[in-house]
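Participant: What follows is the residue order along each chain.
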Amino acid sequence: MADFVAPPSRSRDLDKLLLRTGNLVGSNFEPGAELRDDLQEYARILVVGAGGLGCELLKDLALSGFKNIDVIDMDRIEVTNLNRQFLFRVEDVGKPKAEVAAKRVMERVSGVNIVPHFCRIEDKEIPFYNDFNIIVLGLDSIEARSYINSVACSFLEYDSDDKPREETIKPMVDGGTEGFKGHARVIMPGVTPCFECTIWLFPPQVKFPLCTLAETPRTAAHCIEYAHLIKWDEVHSGKAFDPDDPEHMKWVYDEAIKRAELFGIPGVTYSLTQGVVKNIIPAIASTNAIISAACALETLKIASGCSKTLANYLTYNGVAGLHIKVTEFVKDKDCLVCGPGVLIELDASVTLEKFINLLEDHPKLLLSKASVSHRGKNLYMQAPPVLEEMTRSNLSLPLYELMDKVAKDTIHVTGTTSKDGKKTSCLRKLRVVFKAIDGVTDMDTAGGA
Amino acid sequence: MIRLFKVKEKQKQNSLANGGGPPVKKQTAGELRLNKDFSELNLPQTCTIEFPNGKDDLMNFEVSVKPDEGYYKDGKFLFTFQVPPMYPHEPPKVKCKTTVFHPNIDLDGSVCLNVLREDWKPVLNINTIIYGLTHLFTEPNHEDPLNHEAAKLLRDNPDEFESNVRLSMEGGRVGNTWYTRCIENPYD
Chain A
1 MADFVAPPSR
11 SRDLDKLLLR
21 TGNLVGSNFE
31 PGAELRDDLQ
41 EYARILVVGA
51 GGLGCELLKD
61 LALSGFKNID
71 VIDMDRIEVT
81 NLNRQFLFRV
91 EDVGKPKAEV
101 AAKRVMERVS
111 GVNIVPHFCR
121 IEDKEIPFYN
131 DFNIIVLGLD
141 SIEARSYINS
151 VACSFLEYDS
161 DDKPREETIK
171 PMVDGGTEGF
181 KGHARVIMPG
191 VTPCFECTIW
201 LFPPQVKFPL
211 CTLAETPRTA
221 AHCIEYAHLI
231 KWDEVHSGKA
241 FDPDDPEHMK
251 WVYDEAIKRA
261 ELFGIPGVTY
271 SLTQGVVKNI
281 IPAIASTNAI
291 ISAACALETL
301 KIASGCSKTL
311 ANYLTYNGVA
321 GLHIKVTEFV
331 KDKDCLVCGP
341 GVLIELDASV
351 TLEKFINLLE
361 DHPKLLLSKA
371 SVSHRGKNLY
381 MQAPPVLEEM
391 TRSNLSLPLY
401 ELMDKVAKDT
411 IHVTGTTSKD
421 GKKTSCLRKL
431 RVVFKAIDGV
441 TDMDTAGGA
Chain B
1001 MIRLFKVKEK
1011 QKQNSLANGG
1021 GPPVKKQTAG
1031 ELRLNKDFSE
1041 LNLPQTCTIE
1051 FPNGKDDLMN
1061 FEVSVKPDEG
1071 YYKDGKFLFT
1081 FQVPPMYPHE
1091 PPKVKCKTTV
1101 FHPNIDLDGS
1111 VCLNVLREDW
1121 KPVLNINTII
1131 YGLTHLFTEP
1141 NHEDPLNHEA
1151 AKLLRDNPDE
1161 FESNVRLSME
1171 GGRVGNTWYT
1181 RCIENPYD
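Same order as they appear, the protein sequences are chains A and B. The numbering of the first sequence is our numbering, which starts it at 1 and goes up by one. The numbering of the second sequence is our numbering, which starts it at 1001 and goes up by one.
Don't read these hints as lab results, they were simulated from the structure. Predicted model, so just to flag it, every value in this text is computed and none were measured. Any given hint might turn out to be false.
Unchecked claim - Only pairs whose alpha carbons sit at most 27 angstroms apart, straight line, appear in this in silico DSSO-like list of lysine-lysine:
(1) A:K278 <-> A:K163
(2) B:K1121 <-> B:K1152
(3) A:K207 <-> B:K1097
(4) B:K1121 <-> A:K422
(5) A:K435 <-> A:K331
(6) A:K239 <-> A:K331
(7) B:K1093 <-> A:K278
(8) A:K429 <-> B:K1055
(9) A:K429 <-> B:K1121
(10) A:K239 <-> B:K1097
(11) B:K1055 <-> A:K354
(12) A:K278 <-> A:K308
(13) A:K308 <-> A:K354
(14) B:K1076 <-> A:K423
(15) A:K258 <-> A:K278
(16) A:K369 <-> B:K1055
(17) A:K354 <-> A:K331
(18) B:K1076 <-> A:K333
(19) A:K422 <-> A:K333
(20) B:K1121 <-> A:K258
(21) B:K1055 <-> A:K408
(22) A:K207 <-> B:K1095
(23) B:K1121 <-> A:K331
(24) B:K1055 <-> A:K405
(25) B:K1076 <-> A:K239
(26) A:K278 <-> B:K1121
(27) A:K207 <-> B:K1093
(28) A:K377 <-> B:K1093
(29) B:K1095 <-> A:K250
Chain A on its own, in the form it takes in the complex:
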């Protein structure tokens, strides 16, 4: 009898996923109350972006039982956000999105703790991102995705057999929408393709020829780009155009109107000006909701193992009717961001010059005339002559010293390699490990290698 009077648990629906086993569960799924409680206690989720997708994601994740969530966003709330970014009210306009979103969700979902970060993603130290178990992306730019991807992949370590070490994998769930279309994808660096492996998926931006803008404008967009790209520089010599400054935008709009009148072209509006200049595509609330729900579910699946995850790229199209498809993209095995690179063991005494010669004979590389860079520092450049001259003095120095005496690190090399008698240029990632240095071997094992 006692069973029947138990109060309904808030996690009743979640329990159906987490307390029972099933046919589609992940390989290390251990159903039970402990899993549910551990999930709430230990799982730390970072939501990147508190806009259209971010608001939905925060709400969905909080209602899915996650209790430790951080959210990062550099933007302030604008009045045009209010139709879909439902955590915000008119009186919030001008306040940081991350802070208001965190506060609103905490007010509505008891027990959840959301820490807001009102800053750029680049402002955070890299280790900040390593504190989270899963990073969920609700972003609108390729650039920001590419950055987070490179950060998450930088935590990834490979063992000596080039297999990713599971505990260094930082899973990401990425959502994106454009109007009635959207995507959700799961990125497990080292296992699934990373963002950089499939960067070719993004179509290039449409760019009009400057001479068309200057001489033969035919559309409203041509007039706007004329004002933005040509007229602005003519009038404001040296001053950079800031797309987030309303005065700048108004100036471009006014100039575009004049241009359009001159050529008898209709259709220039302020919102079109914003759209063209900032590459804005109208956002649809329901698309955001659908994509965010898919992302939140994948996050729960990764964290709990209650189901196999999406493999690995879902596209949603609601333009005419409804179409959803899941495509399994494959990894680029030579990806510079997530790939293992070629493991090379070296003596600490090896000079850069000797190292470059070694690459020529290395069976996996056969790389001649190599240029070498390490963490954004160019150690040696074969060309052009002016760079060769600036870097030549490094050749006689030990590579270990040039790499700031780090026992193991990634470096990048470019050069030419022969394949089937044909010379091709290539860019490769190397994992350099120095051996036989006092103290270094200790550090290496402590790192778990």
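Fit chain B to the known structure of chain A by using the hints.
Facilitator: Only chain B this time, still in chain A's reference frame:
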């Protein structure tokens, strides 16, 4: 999977205790690709390249073009290149810093070259653009004008166009614009 969280907690403490941690400076995929472009750079004889910010900032550089034939022979024209982080997904921004009387370069230094905008593709590289720039000086094109006056003159009166180009390169006035001398003194 949740066991992993606990394991991870422990490991993180270990790695922190050992002062380990991921690299601080990040090199973007765009920077790496640019390195590759430079290591296989094959400059035309008429061009030189400079890196004003030193060897570790390849995202900003300058190219001088000194044509050895055509209307612009012996002039020296400086271009700045700004490579965006999303290179090669996005093309570099190129500006001409030398004021020039040219149909495809306006007086603010905007350059109308197809590979810089509508025809840019990620398979192209810095070399492609530099060759494109040299081509602009050997074959100025009146059909894609950015400087309308120069284009019209090139089409209708090539002789006057040529004398205007010489005048501008020697540092004189053409129309309402004063040009800075861009021919180097051969006796220097």
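Participant: Taking the earlier hints as the rules, which of them does this structure contradict?
Facilitator: Hints 1, 2, 5, 6, 12, 13, 14, 17, 18, 20 are the ones this structure does not satisfy, whereas the remaining hints hold.
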